[in-house]
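Enquirer: Note that full-length UniProt numbering gives residue 36 to position 36 of the sequence shown, counting from 1, and the numbers run on in steps of one.
Hints are not guaranteed to be accurate.
As the list claims (entries may be wrong) - Cβ-Cβ distance ranges computed for the label pairs, FRET-style:
1) Asn181 <-> Thr35: 36 to 44 Å
2) Lys29 <-> Pro69: 21 to 29 Å
3) Met99 <-> Lys271: 33 to 41 Å
4) His178 <-> Phe153: 23 to 31 Å
5) Gly48 <-> Ser152: 32 to 40 Å
6) Asp143 <-> Lys266: 37 to 45 Å
7) Gln104 <-> Phe153: 20 to 28 Å
8) Gly144 <-> Met239: 31 to 39 Å
9) Gly48 <-> Glu154: 33 to 41 Å
10) Asp290 <-> Val49: 37 to 45 Å
11) Ala75 <-> Thr243: 46 to 54 Å
Hints listed in this document are in silico derivations from the structure and should not be mistaken for laboratory results. Beta carbons are placed, not taken as given, at the ideal position from N, Cα and C, and that holds for glycine.
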Amino acid sequence: MYIHVLGAGAGGGFPQWNCNCENCDGLRKGTIKATRRTQSSICVSSNGVDWVLFNTSPDILQQIQEFPPLQPGRAIRDSGIQAIILIDAQIDHTTGLFMLREGQVKREIYCTKMVYEDLTSGNQILNILGHYCGVNHHEIAIDGNDVSYADSFEIPDVPDLRFTAVALKSAAPPYSPHRNNPHPGDTIGVLIEEISTGKKCWYSPGLGEIEPHLPPLMNQADCIMVDGTFWTNTEMLDMGLMTKTARSIGHNPQSGPGGMIEELDKFGADKPVRKVLIHINNTNPILREDSAERAILDDHKIEVAYDGMDIIL
1 MYIHVLGAGA
11 GGGFPQWNCN
21 CENCDGLRKG
31 TIKATRRTQS
41 SICVSSNGVD
51 WVLFNTSPDI
61 LQQIQEFPPL
71 QPGRAIRDSG
81 IQAIILIDAQ
91 IDHTTGLFML
101 REGQVKREIY
111 CTKMVYEDLT
121 SGNQILNILG
131 HYCGVNHHEI
141 AIDGNDVSYA
151 DSFEIPDVPD
161 LRFTAVALKS
171 AAPPYSPHRN
181 NPHPGDTIGV
191 LIEEISTGKK
201 CWYSPGLGEI
211 EPHLPPLMNQ
221 ADCIMVDGTF
231 WTNTEMLDMG
241 LMTKTARSIG
251 HNPQSGPGGM
261 IEELDKFGAD
271 KPVRKVLIHI
281 NNTNPILRED
291 SAERAILDDH
301 KIEVAYDGMD
311 IIL
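Kindly generate the complete structure, drawing on both the sequences and the hints.
Expert: Right under this line is the structure:
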């Protein structure tokens, strides 16, 4: 299974266009050891030809240009992207759909009922896309009465891959009609399996906590790619950039009791498991490659995703 990181940053990317924090200012001036990151997205394939795109960030055109397999050039109009899975309806995960409007081939969109409702009501991006290339919506089933329910499905024209999606505790986007009334399916995590080899990757760039129904799926994975947004729970508060904590907006920080480091240490006792943080906010000190925080991750054998990272399972 081929996993390619198109973008490893959180919303706004790194550096963020209007931010002069130590990280963003330092990257622009070349005074810190760090690399730029576009907004979070990965693509997955079993054969290296037919790809499933996870999320479509505002940087999707740049990301496609930098990864030739997504534009194989076999015909006058062509793409290696066979389908798109949306893990939520957030702006930084869906705006790129506008950039994929050209052509006469309908976009094959896989998402939950809640995400579909948000993208046809509060943010009508799928309705708008329907006036251009068109959309085939495939619902990822989520049981509102049983958060442990897992929906397994395969995608036509994407051979040898199976996807298992489960609901994650989260909040809908600010524009959502039910922003203050969370529903199962606002955000999902996905276990990606290569059927022929049994290799599996767990992907959840938005993960507020490791809920009881998640370890049975995550324990199956040979690679765990999870939320790397913030280092501390009060990171944005401490910098005067937000009035809410990391956990209150649906992101489990890396450090502290119950943090992502502590949670990830629980996996990999029985077999080698790659542990990778993705969706990293521009304020997070782990972006600095020589930081004390990055050294802590190294000690725990936790990797930090970067644009262009390839994982082969």
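Enquirer: Tell me, in ascending order, the numbers of any earlier hints that this structure violates.
Expert: Violated hints (numbers, rising): 2, 5, 6, 9; every other hint is consistent with the structure.
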